[in-house]
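Asker: Chain B: place on chain Y using the hints.
Line by line, the protein sequences give chains Y and B. For the first sequence, counting from 1, position 74 maps to 74 in this note's numbering; every step adds exactly one. For the second sequence, counting from 1, position 147 maps to 1147 in this note's numbering; every step adds exactly one.
Incorrect hints may have been included.
Claimed, not checked - Derived lysine-lysine pairs resembling PhoX-like cross-links, with alpha carbons at most 25 Å apart: (1) Y/LYS115 - B/LYS1156; (2) B/LYS1043 - Y/LYS214; (3) B/LYS1043 - Y/LYS157.
Stated by the list, open to error - Which residues of chain Y face chain B? A partial, calculated answer using Cβ under 8 Å: (4) THR96; (5) HIS133; (6) ALA180; (7) ALA220; (8) TYR223; (9) ASN279; (10) THR368.
Calculated from the structure, these hints are not laboratory results. All residues carry an ideal CB built from backbone N, CA and C; glycine is no exception.
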Amino acid sequence: MTSKECVLQSLNHQQPDKLPMDFGSSFITGVHCSVVAELRQHYGLEPRPVKICEPYQMLGEVEADLLDAMGLDVQPIFPQRTIFGFPNENWKPYTTPWGQEVMVSEHFKTTLDDKGNTYIYPQGDMDAPASGHMPKTGYFFDTIERIDPDFDEDELKVEDNLEEFGLMSAEEENYWKEQAEIYRGCDRAISMHLNGTCLGDIALVPAPFLKNPKGVRGVADWYMAVADEPEFAKKLFDRQAEIALDNMAKLHRIAGDVIDIVVVCGTDFGTQESTFCSNDTMRDIWLPRYKKINDWIHENTKWKTFKHSCGAIEPLLQTVIDSGFDIINPVQCSAKGMDPKLLKEKYGDRLTFWGGGVNTQQTLPFGTPEEVRKEVLERCEIFAPGGGFIFNAIHNVQALTPINNMIAMIDAVKEYNGN
Amino acid sequence: MIPYATTIRNGCAVATRFITNTPTNKMSTIEDLKTAVINGKRKNVKVIVPELLESGLTPSALLEEALIPAMAIVGEKFKNNEVFVPEMLVSARAMKEAMKVIEPELIAAGIKPKYTALIGTVEGDLHDIGKNLVATMWKGSGFNVVDLGVNVPADKFIEAIEEHQPHIIGLSALLTTTMPAMKEIIAAVRAAGHSDVKILVGGAPITQSYADEIGADGYSRDAASAVDAAKSVLAAA
Chain Y
1 MTSKECVLQS LNHQQPDKLP MDFGSSFITG VHCSVVAELR QHYGLEPRPV
51 KICEPYQMLG EVEADLLDAM GLDVQPIFPQ RTIFGFPNEN WKPYTTPWGQ
101 EVMVSEHFKT TLDDKGNTYI YPQGDMDAPA SGHMPKTGYF FDTIERIDPD
151 FDEDELKVED NLEEFGLMSA EEENYWKEQA EIYRGCDRAI SMHLNGTCLG
201 DIALVPAPFL KNPKGVRGVA DWYMAVADEP EFAKKLFDRQ AEIALDNMAK
251 LHRIAGDVID IVVVCGTDFG TQESTFCSND TMRDIWLPRY KKINDWIHEN
301 TKWKTFKHSC GAIEPLLQTV IDSGFDIINP VQCSAKGMDP KLLKEKYGDR
351 LTFWGGGVNT QQTLPFGTPE EVRKEVLERC EIFAPGGGFI FNAIHNVQAL
401 TPINNMIAMI DAVKEYNGN
Chain B
1001 MIPYATTIRN GCAVATRFIT NTPTNKMSTI EDLKTAVING KRKNVKVIVP
1051 ELLESGLTPS ALLEEALIPA MAIVGEKFKN NEVFVPEMLV SARAMKEAMK
1101 VIEPELIAAG IKPKYTALIG TVEGDLHDIG KNLVATMWKG SGFNVVDLGV
1151 NVPADKFIEA IEEHQPHIIG LSALLTTTMP AMKEIIAAVR AAGHSDVKIL
1201 VGGAPITQSY ADEIGADGYS RDAASAVDAA KSVLAAA
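Okay, chain Y solo, but in the shape it has when bound:
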């Protein structure tokens, strides 16, 4: 069975020959560039600077040689533009604030302030206000909230928050044609992020890819706007879904046969202790729009739909299923009520768990290799039987994760698979 067949078997809730594993196929299942460098060294791969495939979280590209060495089963096709609005092209060297030599896009333009904080610019345009900020001792960027001086929270306009959701450009169309040619026939499952289907993803609300965003762009402002004006959110999401349907149809014509998994939405519905909204609110504001997108996908393609939400979302998982999602990620078992056994028993026949493999808040960064091994094997025993599980840590592997723990995790999955 090829990697692709194993992944598809598992996504169809059938027992695959081996438990499939993913690191690096999306921007929520990735690995910090510092850890990618250590992995390359550990596996004795050609020494070369890691490419920053996702500059916001400073994720390193898990290239083909590392995919092979780690025994990974999913190949990403990255979006044409990064979260800072520029294409990853014409790579150039860059030294990170922690002293790592990496490769970044030629459009990755930064400045330093007198305190050593790094600022990055939307679309590589240094005349625009910076849209990302990495503290001197940080390991990735956070978005800068750029609030339009004319913004009035009492006069919300859907059009202002729609600027980023347009029809696919000719440039993007060509990109997808090229990518489809590269990956057609790949024996790994292919995953990609859909463009424009994230409904209220808080990482995207500040629009770090736009030069001068209008509308609701503050994080707290956004949460309050949705609570105060649910009709505004519904209208915005309706428009987003309409545009997305057109774009998905185009993407399907170009590369539909190549793609296996589409990351539809990364909006977080959970905190460590609770949900971000009631189930009724999710069903009222989000479910109908998600369903429109996911129903189109299921009626017209063979793609599996992937939903990311951190946190304690067990009370919302039936709604996630009713919204038409096939896959839930990152399965934050460390959050309240997210007991692995309960999740598998209650939802395991309908949802694929993509993640949940090890606690990235405690065990992976701070545990011993043996503690990591034990937890990984336990999670595999719970989640893997009958398929519906793709092994991944819980969200991206963060900077400062000890390499021995990383290797203990990978080796434990191989041990589970009998290798």
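Answerer: Chain B in isolation, oriented as in the chain Y frame:
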């Protein structure tokens, strides 16, 4: 004419007089202010507060009898999963609207809060929703809160301690990579001789055992519980 239209939100009957602009002769009450804060009706608060002050109520009465109990109710509802972060944010915004008017009057009248708190997100970390909610909940329970913002290094905390003489400090971190900064800040504060000030920690990856390990005086798992946690360590002082 019905002076109050009533709607139900989060299980509470809410007077919508101010939203609908229905004319009425009825004066606002302390209870109206409380309800407006609980339900996050900032615009109502803006109307009610001057009315109440004009009617002769003191700023202290507004704080003690409306804002503090209102935020306590919001905290309870949050703990019981009846309201969530967005509703807490709108209530916090409504409370701040009231405080804009009340706080200067309290200061002018020489009324000082019993406790002063410093709060900040630790160096290397830019996340502030949790920290802001804790700040609001502390403010909403009558503390004087000095918010140092995000990415705050140890020396800034020490400078602020010397300037504001706080009873308690809140340290927030969202990231596993910035958790060690908490430990460094606690060590630096203690090394600078500030052994009396209580230090509370919180943030998604933080646990009670981590708080104990790094020598924090207390830990809170969420913003609503941060009030109880602060009162508990201060009572033990």
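Asker: Hint by hint, work out which the structure violates, then give me just those numbers in ascending order.
Answerer: 4, 6, 9, 10
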